[in-house]
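Just so we're aligned: 168 in the UniProt record's numbering is position 168 of the sequence shown, and the numbers increase by one with no gaps anywhere.
Possibly wrong hints are sitting among the right ones.
Computed cross-link-like contacts, PhoX-like style, restricted to lysine-lysine with a CA-CA straight-line distance of at most 20 Å [stated by the list, open to error]:
id	residue 1	residue 2
1	Lys252	Lys177
2	Lys56	Lys3
3	Lys177	Lys126
4	Lys58	Lys46
5	Lys56	Lys46
6	Lys140	Lys177
7	Lys240	Lys177
8	Lys196	Lys140
9	Lys58	Lys177
10	Lys196	Lys240
Read the hints as simulated data drawn from the structure, not as lab findings.
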Amino acid sequence: KGKGGGLAVAASNAATTVTLVLSDILGDPLDLIASGPTVRDDSTCKDALALIQSNKLKLPPSVHRVIEQGARDEDNGTSTNDSFPSNTHTVLVGNNELAVTAAADTAASLGYNPVVLSTMLTGEAKDMAGMYTAMAHQLKQQQDGSKNNKYAVASLPVALLAGGETTVTLDAANSGKGGRNQELALAAAVQLKELKLRNVVLASIGTDGTDGPTDAAGALVDGSTVDRIEKGDAMEALSKHDAYNYFSEVDKDGRCSLLKTGPTGTNVADVCVTLIR
């Protein structure tokens with residue numbers, strides 16, 4: 001009953017309600033974060049009915065009748081969902097954009113030229129790794145003169161930053177141990193090795209301190225990682241989505257590719273930082 005503004009309605013006779021929101025959803029839709037307990041839900045019974053019909057969902061007759069009656073009330077202008085308390089306010093106090101901006105500020109303080117690519121990053125983790133390494137390669141070529149640098153994004157050293165949430169498409173036959181950030185980092189390491197780029201550091205982390213069903217928040221790869229990995233073994237690990245076990249194996253010499261922060265107590269999606277010198 002608290003979802004979709006239900007809590008605000010229940011508290012409407014109380015003093016002013018102020019909700020402080022920490023967003024873990026890209027785009028910060030206030031009505032979806034934590035199911036929007038104090039935010040008006042503008043979805044309608046007609047919307048629900050359309051979804052039921054388009055997806056040919058089978059629901060109990062009693063549920064179907066309630067939704068149909070609600071849709072008729074909306075058509076007749078007799079819906080009881082038109083009013084919403086005016087004494088409720090929602091304040092966004094943290095999101096992915098703030099985290100990425102903080103990372104960019106830190107990079108600038110360390111002498112890097114920060115470039116924020118996006119805070120709405122989605123897509124397959126391995127594909128996103130390709131984007132980062134391709135940009136790193138381009139910037140390096142522009143810097144050394146092998147590519148026209150007239151329209152270079154920035155001069156080295158550069159920090160490329162992005163936030164969002166990538167995905168990993170699993171299948172039952174290849175379900176190793178890892179997470180989207182670890183997979184992105186391992187895929188980047190393979191591509192950096194192919195491109196012979198050693199002066200690049202990439203870290204991809206989950207801000208909640210957990211990446212997949214592991215104790216790692218993500219992973220960091222650099223020139224030493226490029227030296228240690230074997231492309232064939234790394235590609236096999238990627239095919240099995242087994243980045244965690246692969247990093248654990250190659251780090252036996254005391255290196256630490258896996259980033260283990262422990263639970264952070266917060267969550268504003270993922271942050272990826274690529275440093276290029």
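Structure-based check of all given hints:
{"no.": "1", "hint": "Lys252 / Lys177", "in the structure": "17 Å, holds"}
{"no.": "2", "hint": "Lys56 / Lys3", "in the structure": "25 Å, violated"}
{"no.": "3", "hint": "Lys177 / Lys126", "in the structure": "16 Å, holds"}
{"no.": "4", "hint": "Lys58 / Lys46", "in the structure": "17 Å, holds"}
{"no.": "5", "hint": "Lys56 / Lys46", "in the structure": "15 Å, holds"}
{"no.": "6", "hint": "Lys140 / Lys177", "in the structure": "33 Å, violated"}
{"no.": "7", "hint": "Lys240 / Lys177", "in the structure": "8 Å, holds"}
{"no.": "8", "hint": "Lys196 / Lys140", "in the structure": "11 Å, holds"}
{"no.": "9", "hint": "Lys58 / Lys177", "in the structure": "36 Å, violated"}
{"no.": "10", "hint": "Lys196 / Lys240", "in the structure": "25 Å, violated"}
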